[in-house]
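Asker: Spelled out from the first residue to the last, the chains are:
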Amino acid sequence: MRNAVWLGILLAAAVALPWAAEAAGQPATIGLATRILCLGIAAASLNLILGHGGMVSFGHAAYYGLGAYTVGILWEHFRLGEPLWGLIPGTNQLLITLPVSVLVSGVVAAAIGALSLRTTGVQFIMITLAFAQMLFFLFVGLKAYGGDDGLLIRRRNIVPGLDLREQDQLYWLCLGLLVAWLTLQWRIVGSRFGRVLEGIRQNERRMAAIGIATYRYKLAAFTIAGMGCGLAGALTANYLRFVSPDLMAWQKSGEIMVMVILGGVGTLLGPVIGAAALVGLEYALGGVTEHWQFFLGPILLAVVLFAPGGIMGLFRRG
Amino acid sequence: MAEPVLRVQGLVKRFGGLTATDDFALDVQPGELHALIGPNGAGKTTLIGQLTGEIRPDAGRIVFLGEDIIRLPVAARVKRGLARSFQIVQLLDDDTALANVALAVQARAGHSFRFWRSAARDPALLAPARALLAQVGLERAQTRVADLSHGERKVLELAVALAARPRLLLLDEPMAGLGAAESLRMTETLRALKGQFAILLVEHDMDAVFALADRITVLVYGRAIATGAADAIRADPAVQEAYLSEEAA
Ligand SMILES: Nc1ncnc2c1ncn2[C@@H]1O[C@H](COP(=O)(O)OP(=O)(O)O)[C@@H](O)[C@H]1O
Ligand SMILES: [Mg+2]
Chain S
0 MRNAVWLGIL LAAAVALPWA AEAAGQPATI GLATRILCLG IAAASLNLIL GHGGMVSFGH
60 AAYYGLGAYT VGILWEHFRL GEPLWGLIPG TNQLLITLPV SVLVSGVVAA AIGALSLRTT
120 GVQFIMITLA FAQMLFFLFV GLKAYGGDDG LLIRRRNIVP GLDLREQDQL YWLCLGLLVA
180 WLTLQWRIVG SRFGRVLEGI RQNERRMAAI GIATYRYKLA AFTIAGMGCG LAGALTANYL
240 RFVSPDLMAW QKSGEIMVMV ILGGVGTLLG PVIGAAALVG LEYALGGVTE HWQFFLGPIL
300 LAVVLFAPGG IMGLFRRG
Chain Y
0 MAEPVLRVQG LVKRFGGLTA TDDFALDVQP GELHALIGPN GAGKTTLIGQ LTGEIRPDAG
60 RIVFLGEDII RLPVAARVKR GLARSFQIVQ LLDDDTALAN VALAVQARAG HSFRFWRSAA
120 RDPALLAPAR ALLAQVGLER AQTRVADLSH GERKVLELAV ALAARPRLLL LDEPMAGLGA
180 AESLRMTETL RALKGQFAIL LVEHDMDAVF ALADRITVLV YGRAIATGAA DAIRADPAVQ
240 EAYLSEEAA
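Chains S and Y supply the protein sequences, listed in that same order.
For what it's worth, numbering that gives the first Met the number 0 labels the leading residue of the first sequence as 0, then goes sequentially.
For what it's worth, numbering that gives the first Met the number 0 labels the leading residue of the second sequence as 0, then goes sequentially.
Simulated from the structure, these hints should not be mistaken for laboratory data.
Be careful, since some hints might not be right.
Said to hold, decoys possible - Derived DEER-like restraints, expressed as beta-carbon distance ranges:
{"#": "1", "chain 1": "S", "residue 1": "N2", "chain 2": "Y", "residue 2": "I54", "range": "42 to 52 Å"}
{"#": "2", "chain 1": "Y", "residue 1": "R143", "chain 2": "S", "residue 2": "E281", "range": "32 to 42 Å"}
{"#": "3", "chain 1": "S", "residue 1": "W249", "chain 2": "Y", "residue 2": "F14", "range": "31 to 41 Å"}
{"#": "4", "chain 1": "Y", "residue 1": "Q141", "chain 2": "S", "residue 2": "W18", "range": "42 to 52 Å"}
{"#": "5", "chain 1": "Y", "residue 1": "A58", "chain 2": "S", "residue 2": "L6", "range": "55 to 65 Å"}
{"#": "6", "chain 1": "Y", "residue 1": "R129", "chain 2": "S", "residue 2": "R315", "range": "20 to 30 Å"}
{"#": "7", "chain 1": "S", "residue 1": "T288", "chain 2": "Y", "residue 2": "G176", "range": "49 to 59 Å"}
{"#": "8", "chain 1": "S", "residue 1": "A179", "chain 2": "Y", "residue 2": "T18", "range": "54 to 64 Å"}
{"#": "9", "chain 1": "Y", "residue 1": "A123", "chain 2": "S", "residue 2": "L218", "range": "23 to 33 Å"}
{"#": "10", "chain 1": "S", "residue 1": "G85", "chain 2": "Y", "residue 2": "I69", "range": "50 to 60 Å"}
{"#": "11", "chain 1": "Y", "residue 1": "Q141", "chain 2": "S", "residue 2": "T182", "range": "21 to 31 Å"}
{"#": "12", "chain 1": "S", "residue 1": "F136", "chain 2": "Y", "residue 2": "A130", "range": "55 to 65 Å"}
Please read these numbers as outputs of a predicted model, since none were measured by experiment.
Even glycine gets a Cβ: it sits at the ideal position worked out from N, Cα and C.
Build the full structure now, drawing on both the sequences and the hints.
Answerer: Next up, the structure:
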């Protein structure tokens with residue numbers, strides 16, 4: 000009950016943020032907050048497999064990049080008026096680009112998961128990283144879509160009832176989708192499927208011994224997580240109006256993982272708070288030094304050593 | 000005799016130069032409580048691992064309810080009614096005792112690709128789980144496994160195995176580490192279960208074994224050196240030399 004009240008207050012504050020930012024004469028804050036929302040979805044999706052399923056995927060940015068590139072490539076073909084492979088027409092309609100991004104990311108996650116999940120431990124970390132790097136280099140080599148220079152999206156996607164060129168409207172769209180995604184994930188975690196996932200994290204051998212074919216459940220979770228991250232990427236592409244292979248580089252995967260750990264592994268809001276903390280840190284330290292990531296190391300070390308539950312863990316204790 | 004629940008023939012498992020299971024054969028009859036005894040390192044746990052599918056044998060046949068299951072993975076064997084308890088308890092330490100059993104009930108109830116409805120308050124899972132905890136006599140249902148005593152965890156291990164509704168229950172040293180009173184209670188719990196399904200009991204506690212077993216197989220260095228009724232095994236000089244005397248020493 001107390002939690003529900005806090006969530007309500009938090010949500011109200013988040014909804015009011017664009018007005019507050021305008022009133023305070025800080026409209027740039029809205030852009031920063033939009034980035035946090037997008038990365039929050041990405042980190043939350045990783046948390047589903049990392050925090051609840053115990054699967055340490057080090058290639059999660061692959062789906063972030065795929066979601067973003069889906070929007071970019073559909074835009075490019077829309078702009079040129081040439082269908083992809085002579086078959087698939089381009090589009091700038093958000094109601095098409097978002098579901099297609101989620102679908103593409105989900106299909107690729109299912110394929111990569113099907114192979115990676117045959118391994119565990121360090122091998123799993125390395126193989127998910129390897130697949131993400133393969134995709135990274137694939138897009139670096141795709142000169143038709145800008146190669147490593149990336150691809151400009153001159154105009155954000157169109158959606159009935161909203162004008163995404165207005166940054167507060169894009170912000171609210173991202174906020175709505177974040178809330179929807181967190182709600183979905185909250186239900187999943189509490190469902191029968193979520194119980195199985197949680198059991199696999201704690202003791203996979205036990206799960207097999209009660210008759211659970213664990214591989215299928217891990218694969219389903221891996222696919223759902225990839226879909227969520229694809230959604231995050233599609234929104235990011237709209238926010239940035241630009242996509243590049245950097246979105247799926249291993250550094251991005253690392254960043255997303257840091258957000259989860261910083262915010263609190265296995266918690267509902269932790270990944271979003273972690274995203275806010277990291278983006279805020281980058282903003283604050285980035286103004287001081289170009290090598291802001293240098294300071295990230297000690298901070299992360301401190302969290303792992305002194306607050307293993309992340310920022311959410313500190314709240315819980317207090 | 001009736002068709003056995005389990006028939007093992009010519010089972011062999013080698014770990015490098017060590018033969019942990021050596022041309023092993025075993026029948027378990029319907030409703031029978033069959034004890035498997037033998038000194039430490041005889042290969043009892045390795046045998047259970049092969050029966051459940053965790054360990055792949057090098058040769059041999061395992062026929063369960065008339066079906067050759069040697070190629071089936073662990074979960075598929077459990078679905079057919081082959082459940083086990085672990086010598087070293089394997090439970091979900093962060094969850095309560097009740098949640099552990101409820102998850103096992105859920106696993107038996109069909110697939111778990113259900114993504115929306117809350118499982119934690121589902122009476123279809125909780126009611127059978129509570130009944131199982133009552134059956135084994137575990138009172139602290141809402142206590143986290145990490146906070147349970149060793150004895151309580153051994154009892155919980157049994158409840159989780161029972162949730163699978165076994166046709167054959169493989170128990171790997173259910174009394175290991177229990178105090179005298181706890182051992183007696185476990186013996187009574189097993190006696191109450193006896194006859195409902197077949198049980199293969201691996202156990203060092205000879206009082207419990209002789210109190211419960213219909214037949215006993217003695218395993219030494221991976222070989223079954225004797226199989227027979229409890230009294231015959233107790234009297235067998237080869238068995239006494241190989242195992243029972245060592246136990247007494
Ligand atoms: N995975 C393994 N690799 C190598 N040797 C093993 C392995 N598992 C068991 N062993 C060996 O096989 C023998 C039988 O072990 P085990 O089945 O645990 O015996 P028991 O349960 O009868 O005490 C022991 O000598 C043990 O060291
Ligand atoms: Mg053993």
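Asker: Indicate, hint by hint, whether the structure satisfies it.
Answerer: We went through each hint and held it up to the structure:
1. N2/S - I54/Y: 42 to 52 Å: Distance hint for N2/S, I54/Y holds at roughly 46 Å.
2. R143/Y - E281/S: 32 to 42 Å: At roughly 38 Å between Cβ atoms, E281/S and R143/Y fall inside 32 to 42 Å, so the hint holds.
3. W249/S - F14/Y: 31 to 41 Å: holds (39 Å)
4. Q141/Y - W18/S: 42 to 52 Å: holds (46 Å)
5. A58/Y - L6/S: 55 to 65 Å: Between A58/Y and L6/S, where Cβ atoms are some 60 Å apart, the hint holds.
6. R129/Y - R315/S: 20 to 30 Å: holds (29 Å)
7. T288/S - G176/Y: 49 to 59 Å: Since T288/S and G176/Y have Cβ atoms about 57 Å apart, the given range 49 to 59 Å holds.
8. A179/S - T18/Y: 54 to 64 Å: holds (59 Å)
9. A123/Y - L218/S: 23 to 33 Å: Distance hint for A123/Y, L218/S holds at roughly 26 Å.
10. G85/S - I69/Y: 50 to 60 Å: For G85/S and I69/Y the Cβ distance comes to about 52 Å; the hint holds.
11. Q141/Y - T182/S: 21 to 31 Å: For T182/S against Q141/Y, whose Cβ atoms are near 28 Å apart, the range 21 to 31 Å holds.
12. F136/S - A130/Y: 55 to 65 Å: 57 Å Cβ-Cβ, so the 55 to 65 Å window holds.
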